[in-house]
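**Q** Next come the chains, spelled out residue by residue.
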Amino acid sequence: MSINVVEIRDLDYAVNGNQILEKINLQIEAGEFVGIIGPNGAGKTTLLRLLLGLIRQTSGQVRIFGLPPAQLGKKREAIGYMPQRPTFDRRFPLSTLDVVNMGLVTAGSLGCPLTRKQREKARCSLEQVGLAALQNRPFSRLSGGEQQRAFLARAICREPLLLLLDEPNTGLDLPTQHNFFNLLQQLQHKYNLTVVMVSHDLVAIARFAHRLVCINRTMHVHGKPLDVLNSPHLEKAYRCEFDVLFGRERG
Amino acid sequence: MSYSDGKGGNTLEIFSFAFMQRAFLAVIMVGLLCSALSFFVVLNKLSFMGAGLSHAILGGIAIGVLAGINPLYSGAVFAVAIALLIGYLSKHGKIQEDTLIGVFYSSGMALGIMLISFKQGYYPELFSFLFGNVLAVSIQDLQFLAVVMFFVLLYIVIFFKELFTISFDEELARAAGLPATTLYLGLLVCLALTIVVSVKVVGVVLASALLVIPAAAGYRLSGNYRLMLLFSLLTGLVAGLAGLFISYYLNIPSGAAIVLCASAIFFLSFLSRK
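These protein sequences, in sequence, are chains A and B.
For what it's worth, the numbering used here labels the leading residue of the first sequence as 1, then goes sequentially.
For what it's worth, the numbering used here labels the leading residue of the second sequence as 1, then goes sequentially.
No lab work stands behind these hints, which were simulated from the structure alone.
What you are looking at is a predicted structure, and each value in this text was computed from that prediction instead of being measured.
Just so it is clear, CB atoms sit at the ideal spot from N, CA and C, and this is done for glycine as well.
Honestly, I wouldn't trust all of these hints.
Unchecked claim - Simulated restraints, written as ranges between beta carbons of each label pair:
{"no.": "1", "chain 1": "B", "residue 1": "V147", "chain 2": "A", "residue 2": "L174", "range": "54 to 64 Å"}
{"no.": "2", "chain 1": "A", "residue 1": "P68", "chain 2": "B", "residue 2": "L271", "range": "53 to 63 Å"}
{"no.": "3", "chain 1": "A", "residue 1": "Q19", "chain 2": "B", "residue 2": "Y88", "range": "26 to 36 Å"}
{"no.": "4", "chain 1": "A", "residue 1": "G108", "chain 2": "B", "residue 2": "A67", "range": "15 to 25 Å"}
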């Protein structure tokens, strides 16, 4: 029997009386790749932040590895997270390896220097994403695609069981996006990672995810990618015509 | 404040006076302390926080003057309280941080001016607090400075990687379970205490400069944080010592001389190819 890595039951989240998420129910099994889609302001990033315990739900239950996010303790280290790109200062004076090392800074290592073994893990992660040769290069001098790969290395350097990615392909051109998804899929298969990824690129995520979940405040449709893309509920969630969403690449 | 007769003299003569020896020790400690902290001030864009706190502590200093206790001690308590209040209220989304700094910046200074006006007669030390007087540094001040320096540097050394991670990506740090708000408030307390001990050297008006310029020069000179920190420490140290020498031999106020030396290094850093 598969274990649910993520369990969300009747989740509601509101800020100052403004309902952001409503009656969300979702179970994600170990080794699944789930894409979270929806229009801007749908609550996708909020959902990830609830999974991480960065904010608390108004009502309902969130369980990660069977525990509420606030009580994860040491198990929190089994979550890799890649926030949206605009959250960092591009001129920050650090190398690519320094960025990856930050993935090893956790509550468990508070006040202790990183060990040699931990630093080796960071180097291995850079190798896995193909950036070993650029480890000493200033992070600001990497291309957008290389920076995203470095962030992916940072997210996987703790050898997580669950990977939460928030629009990792934003701002990347199509070939770079494709390479990024391929790399992610390889890592997912190799380590049986559970991946939850927020994306605006419906076509790309449909190619790689096992399941898509479309939300816009509430869950509109979820299931296998082709079923979701062909569902009339999708247009309702996005409040726009089908062709606007996919062009000629539908299904 | 200036202290030479303007006639120059033996270069080593400067070290023969006890007050100058204390001044050098104070400048070295304040230079290193401010430079180390300026690293995080620049990375976290806290320069307005530094300016705001340094001006606001005049209120705390004035309380000490009126109550007859060491103004540095009352200033320290006052500055820490304001730093924690600004940090707590802004982190809990009550009000924007720069708005709060703007409020405390002026109201703290206004409180200081009002309280000092209650003091009967002329109060010459007011100028020392406003513009610094490194000559007036006592053994007691040096001891207080050394204690603050020990705890602030200890905090930075122990939590360097956490503070650095929070500076780069706070969301990631929180997701990893780091107590980001507590660590940030700790940094603000360090900032408040550092400003208080810098007041004797450069004064409340110029203290914030030493919390920005060294790391700004270091940032210009290097693309890596390790070298940035090193250049920042060197800038603080060189500016402090050079400022003190220049002040002594050219008979100009020490605080202004130190800050202008740091500024000169900052502008010279533009000549480097980063």
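**Q** Which hints, by number, does the structure contradict?
**A** 4
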